[in-house]
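Letter by letter, the chains look like this.
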Amino acid sequence: MEGTLVTIKLASISLLLGFCLGLPMAFAQVYGNRVIKGLVSVYERVARSIPLLVILFLIFYGLPALKIRIPAFTSAILALGLRGAAYQSQIYKGAILSVSGNQMKAALSLGMNRLSAFFYVILPQSVRIAIPPIGNEAAIVLKDTSTVYAIGVSELLRQGHYFISTGSDPMTIYLSVAFIYLVMTICIKGLLTLFEKRYRIPGIGIEGENL
Amino acid sequence: MSKHLLRVENLYKRFGDNEVLKGISFHLDKGETKVIVGPSGTGKSTILNNINMLVPPDEGKIYLEDVEITGAKDIHKLRQHIGFVFQDFGLFNHLSAKGNVMIGLTRVKKMGKKEAEEIAMEELKRVGLENFADQYPAQLSGGQKQRVGIARALAMRPKLILFDEPTSALDPELTGEVLNVMRKLANEGMTMLIVTHEMGFARTVADELIFMEDGVILEQGSPEKLFTNPEHPRTREFLFKLSEIYNEGER
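So the sequences go chain by chain: F and Z.
Just so it is clear: in the first sequence, position 134 is 134 by our numbering, and no numbers are missing.
Just so it is clear: in the second sequence, position 245 is 245 by our numbering, and no numbers are missing.
FYI, nobody ran anything at the bench for these hints, they're computed from the structure.
We put the CB at the ideal spot given by N, CA and C, even for glycine.
Incorrect hints may have been included.
[Unchecked claim] With a Cα cut of at most 30 Å, we get these calculated DSS-like pairs of lysine-lysine: (1) Lys-61/Z x Lys-73/Z; (2) Lys-241/Z x Lys-105/F; (3) Lys-105/F x Lys-22/Z; (4) Lys-143/F x Lys-197/F.
[As the list claims (entries may be wrong)] Here are the computed distance ranges between Cβ atoms for each label pair: (5) Ile-68/F x Ala-169/Z: 53 to 61 Å; (6) Glu-244/Z x Phe-119/F: 45 to 53 Å; (7) Gly-41/Z x Phe-195/F: 41 to 49 Å; (8) Phe-15/Z x Asn-136/F: 52 to 60 Å; (9) Asn-180/Z x Phe-119/F: 30 to 38 Å.
[To be verified] These stretches of chain F come out as covered by chain Z in the derived footprint (C-beta under 8 Å, 3 or more residues): (10) 111-125; (11) 128-141.
Based on the provided sequences and hints, a complete structural model is requested.
Here it is, written out as structure tokens:
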């Protein structure tokens, strides 16, 4: 179904947007000065406190009042991405903090500046820690793409509606829709397990293996 | 100007209400090994952390070959000339032993991968770990980790290496292998400043001992003098007590 493709597009682009914004936000929250830290945490608090549907309506129906008109699909990406950034930043922040301070110290002692220490030492280790919670976040975003049918984006759920309005049996259609979401979620899980295996650090077990 | 490799002048450092360093001055010449000893909490590690500005001092000046480190804008560049060996090793867990030794060469010195690899293998061989190059930190023993830490510092070809209680996290059996590597480096003419409680090592390897207590240097001089004929009664008391604890087995 075409709707499935739209759903995948929505989820992956907004996850990517969330990543591109969330990672610098996490960096700022850990290493930034007080002003930057403050700004980011206000954003993060606000974005996490407003229901997705409200964010969506604000962007799609609210902004035109300020003469800013954004197409439905882009609005959906923005809403999902901006909210996702707040959640993702919290995941990366936790992952960065869990890579202990002595790693930064050791990197600096070799003559690296803070930025390269972050990229070559802290980040590669945090990413591994972030994989499981990111999987969780990806599954949530995937399912939340269904709310954007409210502004008329023809994603999976809306297409289901369309079939029903043309005479198909609601139970069959909604069950198929649910099944497609299920399959996609399982795919995400499989993909992440693959990543975890691939980026496994020898000698350090994952998910209690070798215990 | 002075010919000293490292000059430390009148360092002061406080953490909150706790004044840790109260006017520390000393110097280190090329090829010299100095060992700082003294009770815990007297600021020994703080001095090392001050020297490469991981923890900047509140007052005082530090010079590396007449270049002032304190207040230097490009401190991260100067740090590559000062090796640091950590008590808790500080190895990068996501990199193999070889990767740990190489990363400073490729990322700081911008060296090609092949050249960096050659140097890394050379340094790993120097600490006796050429067969462990592809092992990851979690697969190494404490003593092996610390030797990788030393190889990583050596690979940068530093002007001096600071050792912050390098064997305190190790059991006695593993302590020996690390001290042997350090002894070898001292004999090869590496300039080293070491904080340790290993009195046997200090006595046989150090050119000079610095005895510290409560943020000041009480006495410094040759190990022979400090162990046999110290000026300060506290020095005698402390060194005697530590030697008793650590050298029990040897006597």
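Cross-check of the supplied hints:
For the given pair, Lys-61/Z sits about 14 Å from Lys-73/Z by alpha-carbon distance, which is consistent with the 30 Å threshold. Note on Lys-241/Z and Lys-105/F: the hinted pairing is violated, with a Cα-Cα distance of about 33 Å set against a maximum of 30 Å. Restraint check: the Cα-Cα separation between Lys-105/F and Lys-22/Z comes to about 25 Å, which is no more than 30 Å; the hinted pair holds. For the proposed pair Lys-143/F and Lys-197/F, the alpha carbon gap of about 26 Å is at most 30 Å, so the pair holds.
Distance hint check for Ile-68/F and Ala-169/Z: the Cβ-Cβ separation is about 59 Å, which falls inside the suggested range of 53 to 61 Å. Between Glu-244/Z and Phe-119/F the CB atoms are about 49 Å apart, so this pair conforms to the stated range of 45 to 53 Å. At roughly 45 Å, the beta-carbon separation of Gly-41/Z and Phe-195/F lies within the given 41 to 49 Å, and the hint holds. Under the hint 52 to 60 Å, the C-beta atoms of Phe-15/Z and Asn-136/F, about 40 Å apart, miss the expected range.
Our hint of 30 to 38 Å for Asn-180/Z and Phe-119/F holds, since their Cβ atoms are close to 36 Å apart. For the region 111-125 of chain F, the stated coverage by chain Z is satisfied: 9 residues place a CB nearer than 8 Å to a CB of that chain, which reaches the threshold of 3. Three residues within the 8 Å Cβ limit are the bar, and the region 128-141 of chain F against chain Z gives 1, so the coverage statement is violated.
Against the hints set out earlier in the document, violations occur for numbers 2, 8, 11.
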